[in-house]
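Chemist: Protein sequence lines, in the order shown, are assigned to chains A and B.
Under this note's numbering, think of the first position of the first sequence as 4, with each following residue one higher.
Under this note's numbering, think of the first position of the second sequence as 94, with each following residue one higher.
Simulated from the structure, these hints should not be mistaken for laboratory data.
Check each hint, because a few of them may be wrong.
Straight line, CA to CA, 25 Å or less: simulated DMTMM-like cross-link-like pairs of lysine to aspartate or glutamate [as the list claims (entries may be wrong)]:
| id | chain 1 | residue 1 | chain 2 | residue 2 |
| --- | --- | --- | --- | --- |
| 1 | A | K445 | A | D459 |
| 2 | A | K445 | B | D131 |
| 3 | A | K288 | A | E226 |
| 4 | A | K19 | A | E354 |
| 5 | A | K445 | A | D461 |
| 6 | A | K295 | A | D246 |
| 7 | A | K488 | B | E153 |
| 8 | A | K295 | A | E226 |
| 9 | A | K295 | B | D170 |
For clarity, every value in this text was computed on a predicted model and none was experimentally measured.
One-letter residues, chain by chain:
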Amino acid sequence: MFDHLILGLTAALQAKQFLFMIAGTVIGLWVGVLPGLGGPVAMAILIPFTFSMDPLSALLMLASISVGAAFGGSVTSILLNIPGEASSAATAYDGYPMAQQGKAKVAMGLSAGASLAAAIVGVLILMFASGPVAKAALAFSPAEYFALAILGLTVVSVAALGSTIKGLAMGALGLAISLIGIDSILGAERYTFGFVYLLDGISFVPVMVGLFAITELISMILEGGTIAKAGKLEGSLWGGFRDTFRYPFTLIQSTAVGAFLGMIPGIGATAANFLAYSVAQRSSKHPEQFGKGAPEGIIAPEASNNSCIPTSLIPALTLGIPGGATSAILLVAVTLQGLRPGPMLFTSNPELIWGFFMGLLIGAVMATILYLIMIPWFALITIVRIELMAPMLLIVTLFGAYANERNMMDVFVAIFFGLLGYFLRRHGYPLISLVIGLILGKLAEGSFHQALMISDHDYSVFFLRPLSASIFALCLVLVLWPGVKKRLGHGGAEVT
Amino acid sequence: MPSDARVTAYRLEEFSLIALLLLFFIAIVAFAYTLPFDARLFPLIIGGAGIVLTLVIALEQVRRRRVGAAAVVDEDDPVTRADWPRYATALLSAPAFGLLFWLFGFIVASLAAMLLIPLLMGYANRRQLVLTAVITVAALAVVAPYLLNVELPQGVVGDWLIDKLALRAG
Numbered sequence: 004m005f006d007h008l009i010l011g012l013t014a015a016l017q018a019k020q021f022l023f024m025i026a027g028t029v030i031g032l033w034v035g036v037l038p039g040l041g042g043p044v045a046m047a048i049l050i051p052f053t054f055s056m057d058p059l060s061a062l063l064m065l066a067s068i069s070v071g072a073a074f075g076g077s078v079t080s081i082l083l084n085i086p087g088e089a090s091s092a093a094t095a096y097d098g099y100p101m102a103q104q105g106k107a108k109v110a111m112g113l114s115a116g117a118s119l120a121a122a123i124v125g126v127l128i129l130m131f132a133s134g135p136v137a138k139a140a141l142a143f144s145p146a147e148y149f150a151l152a153i154l155g156l157t158v159v160s161v162a163a164l165g166s167t168i169k170g171l172a173m174g175a176l177g178l179a180i181s182l183i184g185i186d187s188i189l190g191a192e193r194y195t196f197g198f199v200y201l202l203d204g205i206s207f208v209p210v211m212v213g214l215f216a217i218t219e220l221i222s223m224i225l226e227g228g229t230i231a232k233a234g235k236l237e238g239s240l241w242g243g244f245r246d247t248f249r250y251p252f253t254l255i256q257s258t259a260v261g262a263f264l265g266m267i268p269g270i271g272a273t274a275a276n277f278l279a280y281s282v283a284q285r286s287s288k289h290p291e292q293f294g295k296g297a298p299e300g301i302i303a304p305e306a307s308n309n310s311c312i313p314t315s316l317i318p319a320l321t322l323g324i325p326g327g328a329t330s331a332i333l334l335v336a337v338t339l340q341g342l343r344p345g346p347m348l349f350t351s352n353p354e355l356i357w358g359f360f361m362g363l364l365i366g367a368v369m370a371t372i373l374y375l376i377m378i379p380w381f382a383l384i385t386i387v388r389i390e391l392m393a394p395m396l397l398i399v400t401l402f403g404a405y406a407n408e409r410n411m412m413d414v415f416v417a418i419f420f421g422l423l424g425y426f427l428r429r430h431g432y433p434l435i436s437l438v439i440g441l442i443l444g445k446l447a448e449g450s451f452h453q454a455l456m457i458s459d460h461d462y463s464v465f466f467l468r469p470l471s472a473s474i475f476a477l478c479l480v481l482v483l484w485p486g487v488k489k490r491l492g493h494g495g496a497e498v499t
Numbered sequence: 094m095p096s097d098a099r100v101t102a103y104r105l106e107e108f109s110l111i112a113l114l115l116l117f118f119i120a121i122v123a124f125a126y127t128l129p130f131d132a133r134l135f136p137l138i139i140g141g142a143g144i145v146l147t148l149v150i151a152l153e154q155v156r157r158r159r160v161g162a163a164a165v166v167d168e169d170d171p172v173t174r175a176d177w178p179r180y181a182t183a184l185l186s187a188p189a190f191g192l193l194f195w196l197f198g199f200i201v202a203s204l205a206a207m208l209l210i211p212l213l214m215g216y217a218n219r220r221q222l223v224l225t226a227v228i229t230v231a232a233l234a235v236v237a238p239y240l241l242n243v244e245l246p247q248g249v250v251g252d253w254l255i256d257k258l259a260l261r262a263g
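I would like the entire structure built from these sequences, with the hints used as guidance.
Modeler: Laid out in structure tokens, this is it:
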């Protein structure tokens with residue numbers, strides 16, 4: 004093991020790799036800040052340029068984009084309530100109220116501290132747990148995957164703003180939208196009505212741009228003024244960075260949630276982001292402060308999404324199963340270099356694998372330094388007049404929706420979901436449940452059908468396997484618990 | 094807007110949303126019936142669950158209305174403070190931009206948005222406005238094709254004009 008670490012460090016510390024990592028991190032920070040244009044888009048655009056690179060440089064540059072985007076995504080969540088990355092969406096819940104109180108720098112310091120600590124832990128888990136965890140994930144049957152998808156939806160719906168029933172209805176809406184397109188089991192067209200655009204389903208990027216960016220823009224235009232209501236910035240960046248470590252329980256808990264969910268293919272950083280937020284809220288001594296600028300509300304989502312990214316590479320590198328868009332693109336890059344992902348990669352290319360792991364570790368530190376250097380400039384956005392910023396954001400976000408697939412229809416889809424999202428949010432429907440439903444839709448349906456096929460259409464398969472039965476029981480407890488608690492007279496503070 | 098009218102409008106909006114959701118879930122179930130069994134099973138479950146959940150939400154709203162639940166409109170809701178031109182600007186900016194983007198392309202739509210939206214929101218410093226608009230659009234016009242490799246569309250009308258005037262390169 005020690006030999007591998009030295010081998011990896013030697014490979015990653017070469018000047019060439021360092022330059023590619025800096026370039027990747029800066030690109031990642033930049034695209035992370037732009038709503039709609041996330042890390043996977045930038046990685047996909049740059050894949051053709053990696054042909055001529057050596058495998059380690061290519062992988063490190065692409066992975067640095069992903070790490071940088073995860074850091075950068077929190078900037079717009081905090082400053083504008085518009086997540087630059089889907090995986091930073093929950094950061095906005097408390098980051099934006101903090102920015103409104105003029106504490107944008109503190110919020111970003113918290114985000115940097117949590118991101119750095121969690122990213123380092125995530126990479127260490129990736130290094131030391133790749134083999135054993137991949138074996139454990141193999142033991143998960145489709146019934147468990149389906150149960151996990153439902154658990155993800157339930158947790159988010161129960162903990163989201165507004166009523167649980169509205170949250171569950173939004174989850175069902177997200178799942179229903181994910182049904183549009185060609186069905187993955189039989190290849191049947193569903194709900195396309197002859198539109199070629201709908202064959203691949205509703206693209207995720209325009210929906211996110213609409214639900215988060217356009218919805219927020221509408222509110223911003225209605226509000227006017229500046230984002231920081233005081234019109235000035237208080238608090239220090241380093242103070243925020245230090246404050247992160249005053250909440251060790253939240254930091255460790257959220258890092259663990261992100262790291263665990265990252266290992267399960269299909270769950271991804273976005274779901275981890277929201278789950279960690281709701282878990283932190285439930286375990287907090289002051290849950291009523293969540294949504295009003297609670298430091299734990301920033302630490303939890305940022306720690307989870309940054310620990311999730313490295314661990315999502317575990318099934319990708321060891322089994323060839325991508326956990327999400329980022330690991331899928333990295334797998335494409337590995338394949339384009341003539342390599343085959345899988346257990347053999349660890350024995351045939353230890354320099355590449357361990358160099359990559361060490362590079363991720365160095366990349367996390369590098370991303371934090373660059374992020375901290377750039378933060379004072381980012382924070383100035385909150386005192387710019389909304390009258391000037393709103394149209395600028397409108398054109399950048401809708402350009403992001405267009406640029407993803409170069410399709411005009413994506414712009415209209417983003418606008419539609421923006422207007423729908425505005426009215427839904429105004430009436431207390433948690434948009435996040437809709438997004439989680441959409442993300443988990445394909446996984447839920449795929450594993451649902453696989454479980455039925457394996458069991459010869461015996462529906463009891465979901466309830467007879469101990470693990471899936473336990474997960475479903477947990478879902479039931481989560482839905483029923485608030486009502487039971489109320490009846491027992493232990494109401495307490497309402498979870499928002 | 095008087096308070097009563099505001100509450101009525103809010104409730105109307107609430108029930109319209111519920112109706113829209115109900116309609117959507119009914120459509121999911123209805124259009125699933127023509128599909129093969131394996132392709133329709135999951136839609137039927139999700140659509141069915143959606144219908145039940147939406148009906149529960151509707152019943153809850155009716156119950157709240159019957160018991161005369163306290164003010165449903167949040168006083169912090171910016172809509173309550175915004176006048177109708179600002180409300181219209183907020184709701185129509187994105188669709189209008191989308192329409193202009195489709196018809197006349199990104200540059201024209203962006204310039205129009207950058208110049209008109211601030212004016213409609215009451216921004217007075219026109220010099221700063223024009224400067225910001227020109228710099229923003231020029232920056233995007235350079236960044237998109239050269240750094241992101243995204244050709245900016247000229248729009249339906251723009252393409253027609255380019256073809257008509259034989260301006261297309263090559």
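Chemist: Determine for every hint whether it applies to the structure shown.
Modeler: Now for the hints, and whether the structure bears them out:
1. A hinted pair counts as satisfied when its Cα atoms are at most 25 Å apart, and K445 of chain A with D459 of chain A qualifies at roughly 21 Å.
2. As the CA atoms of K445 of chain A and D131 of chain B are separated by approximately 14 Å, the hinted pair is consistent with the 25 Å bound.
3. Our distance criterion of 25 Å between C-alpha atoms is broken by K288 of chain A and E226 of chain A, whose separation comes to about 32 Å.
4. Annotation: proposed proximity of K19 of chain A to E354 of chain A holds, straight-line Cα distance about 15 Å (limit 25 Å).
5. Restraint check for K445 of chain A and D461 of chain A: the C-alpha separation of about 21 Å stays at or below 25 Å, so the hint holds.
6. The straight-line distance between the Cα atoms of K295 of chain A and D246 of chain A is roughly 17 Å, inside the 25 Å bound, and the hint therefore holds.
7. Restraint check: the Cα-Cα separation between K488 of chain A and E153 of chain B comes to about 20 Å, which is no more than 25 Å; the hinted pair holds.
8. Between K295 of chain A and E226 of chain A the CA atoms are separated by roughly 18 Å; this keeps the pair inside 25 Å, and the hint holds.
9. Distance restraint check for K295 of chain A and D170 of chain B: the Cα-Cα separation of roughly 16 Å lies within the 25 Å cut-off, and the hinted pair is therefore satisfied.
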